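Student: Here are the chains, one letter per residue:
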Amino acid sequence: MASPETPVTPPPVVLAARGLTRQYPGVRALDGVDLTLRAGEIHALLGENGAGKSTLINLLTGAQPRNGGTITVDGVEIDPDGPGGAVRAGIAAVYQEITLLPNLSVAQNLYLGREPTRWGLVHRARMNRDGAALLRRFGLTIDASRPLSDFSTAVQQLIAIARAVDLSAKVLILDEPTASLDTAEVQTLFTLLRTLRDQGLAIVFVTHFLDQVYALTDRITVLRNGRLVGERLTAELPRLELVAMMLGKAPTAESHLGRRPATAAPSGTPLVRAQGLGRRRLVGAFDAELHAGAVLGAAGLLGSGRTETALLLFGVETADQGELIVDGKTVTLRSPRDAIRLGFGFCPEDRKLDGIVAGLSIRENIVLALQAKRGWWRRLPPARQRELADHYIKLLDIRTPDAEKPIQLLSGGNQQKALLARWLATDPRLLILDEPTRGIDVGAHAEIVRLLEDLRDRGMALYVISSEIEEVAAYSDRVLVMRDRAPAGLLEGDTITPAAIVNAIAADHQTKGAA
Amino acid sequence: MSAVIQRLKAARPQLALLALALLVNVFVAPGFLDLRMQDGRLFGGLIDILNRGAPVMLLAVGMAPVIATRGIDLSVGVIMAIAGAVAAAGVNAGLAWPLAILAALATGLVCGLWNGLLVAVFRLQPIVATLILMVAGRGVAQLITEGRILTFTEPHLIAVAGGTLAALPLPVVLALLAAGLTGLLVRATALGLFVEAVGTNPRSSRLAGVHTGLVLGAVYVWSGLMAALAGLIATADIKGADANNAGLWLELDAILAVVIGGTSLYGGRFSIGRSVLGALVLQAMRTAILRAGLPPELNLVLMALVVAAVLTQQSPAFQPLAARLMARLKNKEARV
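Respectively, the protein sequence lines represent chains A and B. Going by full-length UniProt numbering, the first residue of the first sequence is number 1, and it counts up by one from there. Going by full-length UniProt numbering, the first residue of the second sequence is number 1, and it counts up by one from there.
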């Protein structure tokens, strides 16, 4: 079972998952993934959105049933059926949103469902005493009888970990534990995790902060599109290579996608210019120029601030610094309606949550933005609605028997096309697309890229955020690289290559490492 | 023409329920279906149901769009009481009857505006936001009536309930007109689409440029207006404003009518016509129980059973079960 690339005797395997598979209707969220956890190791589980990290965790904790594969703990095959079964097998998870009960006391949270009793009643004094003692072992000296909500997120996180470890002390899974902690709190957490590791616990650490991966973990497993990319020792995996594994692009390989003949980087007055646009606690000041007939690509890892740039450009969030100049005039976007009035459109990253209106028909979804732009009084006549829907169903090749089917019945790629149609119907000047090809099968993928190129050639300004580095490199005239919620570089013209983008995403870490 | 047939098809469950309830009426009161003309006005069991059901029909017409936005308006019964009190106090203070009626309707608008403000601007949960007015509103109505039943003799105001237009009682005409106008307002403009979009996915709707705040506010304002009209009818009916009892618990009937009309409390698709049918189903049941000479208390129990049945039928947990049951029945039939 030991991985071949470790020369020294590796620590004993605690948990071995083999060939885990999870099938949703139409999507294979996890496809034959292996995961090996060893005692006394912190194991980073990495991947972009949709890579399958959450699904993998859910299968390990029994929160979701699996469609294939085995899980063994200490050599014994287990079948976690619901979280209770996983806890009995020694697997516990702490999630990003703390799943404790804020209105109960710290001790009540620690012993929920297993309260110490006396004469059949909860022995509150003992519970508080035990709770305080337990927390002291985790470096927390607090009054366990106080309500949980009295304490900061960081402390609540530690309490959640204490409960999880006390419940079952073999495998601890931490899903983005540092997402809402400040630097000092992260250090406290890391100290605790190192102690637990040295006590022989196997820890899974999910994060999108690469610095933390290198500061804390011993081993890395990378997933991509529901498949295992590889398992490596952290010390032996350069950052550049890690980023390449996550994005699915070898940094040295030549791009096999043809770049269109190098045109001069767009010049002249841009349609939209962002100067130092930013919002506190959202994204640092960035510059962007969007020209008619040109594509500005945006690249970066999950959590890099790439999506947040789009939120500011579309008025979903209002900028509190910098300025946005459209048609040579400074504008303030207070809502998406303001952006739409200027001729912007936005296909968001999460199609289900922010894109489609499930329950309404394909036709209604397509006409929604145009109808909203016209106002409630000037209703599009039904005949015109049908005409529009049929036109775009044909133009974009949306696979559906007719326009009246509920939109949620379409596949991911066809939903994306319908959302594109929603904006095309408004005849936008700028189209902002966040991950337009995520979770879409290969065929539809290529179609959407072709569509974008076609729109660009017909004079639309495009802002495309994507983790598909090769695609971004192929169709972009400029590429904005984001990192740690701030801009990290702007590539132009011939300097746009997949390798250069991966380099820019990882660059900061390399210079730090060299220093 | 095909659109009408399609709509009737969609309303099959409601029509079936209504037919069932009417059938029970025929059974307990022979001659229920008889219609006769007297002094230029139609009389009969069916007319009674329309007439008695008019206030809840109006409430349901206002409630359906509210529920479609995933909201609820608990204050409509109280708005009825306030509007009635305003009209009664108005005519008693010497206000001309058209002005008194306008004042009552305006009161409904203001109440709706208040609800809409709380829900759309201050983002209160609709159930809590409208509960505020539901609780406080009775007090407001009592302040207006000074704790008494304000009786009045203004003939025009009394005619709101007792008058006749086109051979039909005026409340029926008003309710049907309001339903028609509302249907036109939501379907001939884009409001219906926006209401359904906001109720299904407010985030996507906002990103698509729908003015979600305006849509949310508008449905509560309309609900307030419909409730005020219902309040006028209820007040005119007893020729007095009873702040304690006017519209009491009718918000629940209205919600029930909308749910029987097939609108999910989770928001989304709604139908004005089917909500009106829902209100009529309730009234027909009530009438049947009264005519059968059963104690009216039984009414509540029966209504509860109907609600349980309708909601179970709409529940996502029940549907696969029902489908399997149907399949098994069909298999048996095939074997026989």
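Treat the hints loosely; a few may be bogus.
[Claimed, not checked] Computed list of chain B residues with no C-beta within reach of chain A, every gap over 10 Å:
no., residue
1, 10
2, 36
3, 98
4, 203
5, 205
6, 268
7, 269
8, 309
[Said to hold, decoys possible] Short, incomplete list of chain A residues facing chain B, as computed with Cβ under 7 Å:
no., residue
9, 75
10, 337
11, 340
12, 342
13, 343
14, 354
15, 355
16, 368
17, 369
18, 371
19, 373
20, 376
21, 379
22, 381
[Stated by the list, open to error] Have a look at the derived ranges for each label pair, beta carbon to beta carbon:
no., chain 1, residue 1, chain 2, residue 2, range
23, B, 13, A, 404, 16 to 22 Å
24, A, 293, B, 185, 51 to 57 Å
25, B, 316, A, 147, 52 to 58 Å
26, A, 102, B, 102, 47 to 53 Å
27, A, 102, B, 244, 40 to 46 Å
28, B, 187, A, 63, 41 to 47 Å
Since the hints were made in silico from the structure, they are not lab data. Being a predicted model, the structure only gives us computed values, none of them experimental. Glycine residues also receive a C-beta, built at the ideal position from the N, C-alpha and C atoms.
Student: If a hint holds in the structure, say so; if it doesn't, say that too.
Tutor: Each hint tested on the structure:
The Cβ of residue 10 of chain B lies farther than 10 Å from every Cβ of chain A, with a closest approach of about 13 Å, so its non-interface assignment holds. Listed as outside the interface, residue 36 of chain B is consistent with that label: its C-beta sits roughly 43 Å from the nearest C-beta of chain A, beyond the 10 Å cut-off. The beta carbon of residue 98 of chain B sits about 28 Å from the closest Cβ of chain A, which is more than 10 Å, so the claim that it is off the interface holds. With a cut of 10 Å on Cβ distances, residue 203 of chain B falls inside the contact zone with chain A, its closest approach being about 5 Å.
Not every CB of chain A is more than 10 Å from the CB of residue 205 of chain B (nearest about 6 Å), against its label as outside the interface. A beta-carbon of chain A comes within 10 Å of the beta-carbon of residue 268 of chain B; the shortest separation is about 5 Å. The claim that residue 269 of chain B is not at the interface with chain A is violated, since a C-beta of that chain comes within 10 Å of its own (minimum 7 Å). A cut-off of 10 Å between C-beta atoms confirms that residue 309 of chain B is not in contact with chain A; the least separation is 24 Å.
For residue 75 of chain A, the shortest C-beta to C-beta distance to chain B is roughly 40 Å, which exceeds 7 Å, and the interface hint is violated. This hint holds: residue 337 of chain A has a C-beta 5 Å from the nearest C-beta of chain B, less than the 7 Å allowed. For residue 340 of chain A, the interface hint holds, the least distance from its beta-carbon to any beta-carbon of chain B being 4 Å, beneath 7 Å. Checking residue 342 of chain A against chain B: minimum C-beta separation of about 11 Å lies over 7 Å; hint violated.
Annotation: residue 343 of chain A was flagged as interfacial toward chain B, and the flag is violated, the nearest CB pair being 12 Å apart, outside 7 Å. A cut of 7 Å between beta carbons decides the hint on residue 354 of chain A: the least distance to chain B is about 5 Å, and the hint holds. The restraint placing residue 355 of chain A at the interface with chain B holds, with a minimum CB-CB distance near 6 Å, inside the 7 Å limit. Because the smallest distance between the Cβ of residue 368 of chain A and any Cβ of chain B comes to about 5 Å, under 7 Å, the interface hint for this residue holds.
The beta carbon of residue 369 of chain A is positioned within 7 Å of a beta carbon in chain B (closest approach about 4 Å), and the interface hint is therefore held. Interface restraint check: residue 371 of chain A against chain B, minimum CB-CB distance 5 Å, threshold 7 Å, status holds. For residue 373 of chain A, the interface hint holds, since its Cβ comes within 7 Å of a Cβ in chain B; the closest pair sits about 6 Å apart. At a threshold of 7 Å, the smallest CB-CB gap from residue 376 of chain A to chain B is about 5 Å, leaving the interface hint in force.
Here the hint on residue 379 of chain A is kept, as its CB sits about 4 Å from the closest CB of chain B, short of 7 Å. Hint status for residue 381 of chain A: violated, given a least beta-carbon distance of 10 Å to chain B, over 7 Å. Hint check: residue 13 of chain B to residue 404 of chain A, Cβ distance near 21 Å, so the stated range 16 to 22 Å holds. The hinted window of 51 to 57 Å between residue 293 of chain A and residue 185 of chain B is violated, with their beta carbons roughly 43 Å apart.
Between residue 316 of chain B and residue 147 of chain A the C-beta distance comes to about 36 Å, which lies outside the given range of 52 to 58 Å. Separation of residue 102 of chain A from residue 102 of chain B is about 50 Å and conforms to the stated range, judged on CB atoms against 47 to 53 Å. Range check, residue 102 of chain A to residue 244 of chain B: Cβ separation about 41 Å, and the 40 to 46 Å hint holds. Take residue 187 of chain B and residue 63 of chain A: their Cβ atoms lie about 44 Å apart, and the range 41 to 47 Å holds.
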